[in-house]
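*Asks:* Chain by chain, the residues run as shown.
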Amino acid sequence: MIQNLPWLFLLLPLVVAAIDWVCFSKRPCVAATLSLLSAAATFALCVAYLLGLETGTPGTYTWMPASVEQLNLHLGLVMDPLAMRMMLVVTGIGLLVHLFSLGYMKGDSSNLSRYFAGLSIFMFSMTCIVMASNLVMTFIGWEMVGFSSYLLIGHWFHKDSAADAAKKAFITNRVGDFGFLIGILLTLGIFGTMNFAEMGGKAAGIAPAMLTVTIICLFCGAVGKSAQFPLHVWLPDAMEGPTPVSALIHAATMVAAGVYMLVRLQVSMGTAAFTDTACMVIATVGAITAVLAAIIATQQDDIKRVLAYSTLSQLGYMVMAVGLLAGEAAMFHLYTHAWFKALLFLGAGAIIICCHHEQDIWKMGGLAKRMPLTVLCFLMGTFALIAIPGFSGFFSKEAILDAALAKCPVFFWVGAGVAALTTFYMVRLCIVAFLGRARDHWAEHAKEAGATMLLPLLVLAVMAIISGYGFIADWLVPFEGFHAHGFSVGLPFYVSMGALVIGLFLAVAIYGFGKRGNDPLAGNFISRALRNRLYIDTLYDKVLIGGIQEMFSHVVEFIDAACIRGLLAQGLAWITTRIGILLSWIQNGSLRSYTVAAGLGVVILVYILAFQL
Amino acid sequence: MLIWLILVPVIAAACIGLLKTPGRLTALISAIITLALGAAAILCPECCAESCTGTFLGMPTQFTLALPLSRIMVVLALLVTVAAVAGMKAPSKDAERSWAISALLISTGAIGAFMSDNIVAFYGFHELALIPTFIMIGCYGRGSRRTIAWTATIYLGLASMVLLAGLLLLCVQMHAWTFSGLYASVQAGIMPSTPCLIAGLLLAGFGTLVSLFPFHTWAAPAYASAPTPIAMLHAGVLKKFGLYGLFTLAAIFGPKCGEIFGCWNNVLLVLLLGNVLWVGYVTISQTRLDDMLGNSSVMHMGYIFLAFAAYIAMNGNNELAFQGAALLMLAHGLTIALLFLLTGQIEQQTRTLELDSMGGLATKLPLLGFLFGLAGMASIGLPLLANFAGEFTIFVSCFAGWTPGSTECTGMLSCISNLFAGLGPVQLALLFALWGLVISAIYMLRAFRRIFEGEVGRASARATRLSWLDIAAAVFLAFFIVLFGILPPTCL
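Just so you know, the protein sequences line up as chains E and C, in that order.
No gaps in the numbering here: position 54 of the first sequence is 54 in our numbering, and each next residue is one more.
No gaps in the numbering here: position 369 of the second sequence is 1369 in our numbering, and each next residue is one more.
Note that these hints are calculated values from the structure, not bench results.
Pulled a few chain E residues facing chain C out of the computed Cβ check, cut under 10 Å:
#1 I140
#2 W142
#3 G192
If you anchor each label on the Cβ, the simulated ranges turn out as follows:
#4 E/Q549 <-> C/E1455: 22 to 32 Å
#5 E/Q70 <-> C/V1482: 24 to 34 Å
#6 C/R1351 <-> E/Q70: 51 to 61 Å
#7 E/L609 <-> C/G1143: 52 to 62 Å
#8 E/G601 <-> C/P1425: 49 to 59 Å
#9 C/L1043 <-> E/H483: 52 to 62 Å
Just so you know, even glycine gets a beta-carbon here, dropped at the ideal spot from N, CA and C.
Using the sequences provided together with the hints, build the complete structure.
*Replies:* Listed below in structure tokens is the structure:
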């Protein structure tokens, strides 16, 4: 019995979600408390396991029995450090976000029970991905996080923009899942198993081309979920959801699931399964995403959009690291990024609430004076993101750059360029929003956020600073046997310092110290292109969806209605009618023709009888 | 005992027709009684001996629940019947009586077909159920009901003729007129002398009844036009007759099923892709909810045919395909029934089914939005809801027993072609069919978006409230969709 305790990680949030939704839809306070308690309980359980609680291997459940063992669809849990430490990140940030939501959603007129039920469903599904012992379970969690993300992005579904964004997120993810599912089935075909534990060492006898195709198909899932180019379009739109949701799902945990899944595959299949071609594809996609998103971020005015593109860009880093076979560095960055990006989003949420749902940074300004604690926390997150030495992001970014330099220097220089861009847009954001004077009525009257919002910010700020140091990272980074390397001053360090200084210098040179009321870079065609997301979304909307898909479906519909229904049904009707007309001729009521026919018949009969035919 | 599953609804129908008892109430009581009887028969096999071939009034009855699919299909029929009669909304008292009688007869026909051991009875019960369907569409349908009813009649009439020819040929050549007799003949080594002809007739006949591409065009208009309980029962239950027949025969032939159906398997794979992809895109372009659901139901049949093809390709040695098909038939039946039930309620509330004139309905009727969302998500295969278990099992079953071809290859291009050479026709068809997951997400979410989300539209503003019986009928189905999603009834 006791060894099945880990199943609580899955069942508790699921049951709470159902209870919230069904029983307490009219009583949001109870629903919120239940969700918060379940998040706290799973967090506590997770800490207990990390501190060494031993309960034995949890049992597995055969969900779909088959007589051939390899086709049995099992549900099982893995409890290795990769999974359990990832669980700590998920439940830890999840708990803080639940807490923050209490303050953030106070006074919101929408159905809060639905909101908290959505958060609980998300906790369930994310756990399902993290602790999955096989690809079936991963896929179940994969689809369910997509659903909870749909639910929460569309929380304010009466707003057209939110409803559209939710739909876009789900469908874009489904496109990725199409490839993912093919990958899963090919894995079953070539490895003969879907269990992570049984994949090891089986890659040896398999043709590299098949491995390449399989890995790239599996990678498609990560492209959708981790919002990599060309399926990145849904993530910035997902910012239509409540900000705590953006922090938890669209910054810290769910979007990192793609990276986690790839690392899990690398660990269980062995890096030999990741052929050179597959790695090249993965790293290139990651690098393209990192660069593209960072460039677009430099011209966004919505505080959440800047952070969203920054998330994209950082995810690109992680995917690049996976492609360079540096799973350890990728997970390290995933882990530090989760803390500081959650901090940035929650900080942005506090700012947005205090400015009465104003998200345009050009309508803020001077916030450093009015909400110093929040701004301080936000700055800690910023420093970690732009990798100032001593902050957590610095260590993990160095780890990725080191790996890139060792494997393939091109990616190193791409990473360094992105670092400079990152510094530029984050410093721009901070200068415009926090310095100078208030440019809007609400910003002038902004006050410090309440305790339920400040507490999570402070905890996250501490983590953003310390989580990169060996004494805590060795213990918490989700990777088996992770060890923070001794830091040495070398080429990567000088280059990233250079990038930091360049970004900082450019931002200060252009934006000064907050005196400007508008963006000096705006107004030219490059800025317009960047503000329109390089027209990628427009291309998809107008050409792929509005053009090709609509036209194709209408042509198909026309042929279906006109030809198949028309020709088959009408054709059959026509033939039947003709036969009817033909046959009606023999009973046309004319006595003369009947007599003729009868006479002919007699003649034929007589002929037959007479000649004994 | 099984005979009562047939007699109770017939008696109830007679009461409604002759004694003029209230239609909905009588039908509901009968549906609940049959559900209880059916549950007893299935849950407690001792109550009903191995094959249930008892006697009734001295005549031997050949009803059985021993056939591999009959239990799960009877469960489906019983569940959908309860919801269909409970959620019935007839325009007048008289209409309610005829609706109730038709619903009961359709359900009786379906249950009879699923329980018959005798092949002629199996065929006859289905024909019995078709008659009220046509009449109801012709009398109470939406739109150009006469044309639609006649189209469906011609299609299904012709299909039944072809099917009858196939069944007769099969029975004559196998010297057996019952499923159990067929099984005995197969065990004795008798095989039909013209297998490809028989398989062709059966596939064309059963296929048209299940709206296999390109014989699918009758289905969507018929469902869109039919009164709600009729659409629920036909799309949810009666349509599964064709698949039930194919799978039952394939299971009877067991390892030899490839010899019968094998010669059409590649044709079937192309046709089912027509269902999934072609009809999928037809579904995307629909602008009315009922048309869209009708087409989506046609589309999802493709996956069950895929399971059939996978089953045949492995010569019956593919239990996952069989199981997945059974689960998906059950799940699809419940889901599409719930969707049609809710469509009826939406129409009653907003007096339209044009997607563009609604909007924001979830703000007015959150429960309706929740239930429709649940059913819609189930139908596009969200895990933890019934359809996923079936769909995923089918996908896995297509790769069951597949191993990659030769491992030696030189150069990237030859290796890729090698990989595809390693993929058999079933696997390749599956890869294409998976795109259907994206297609179904597009049309379902788009419809949900237009009906329930956004600003409250003109038509949605008319919505008032649902009656408790409406809610009960929908929640009843939703409950089983969730239950079977979490615990797939693999034991049935």
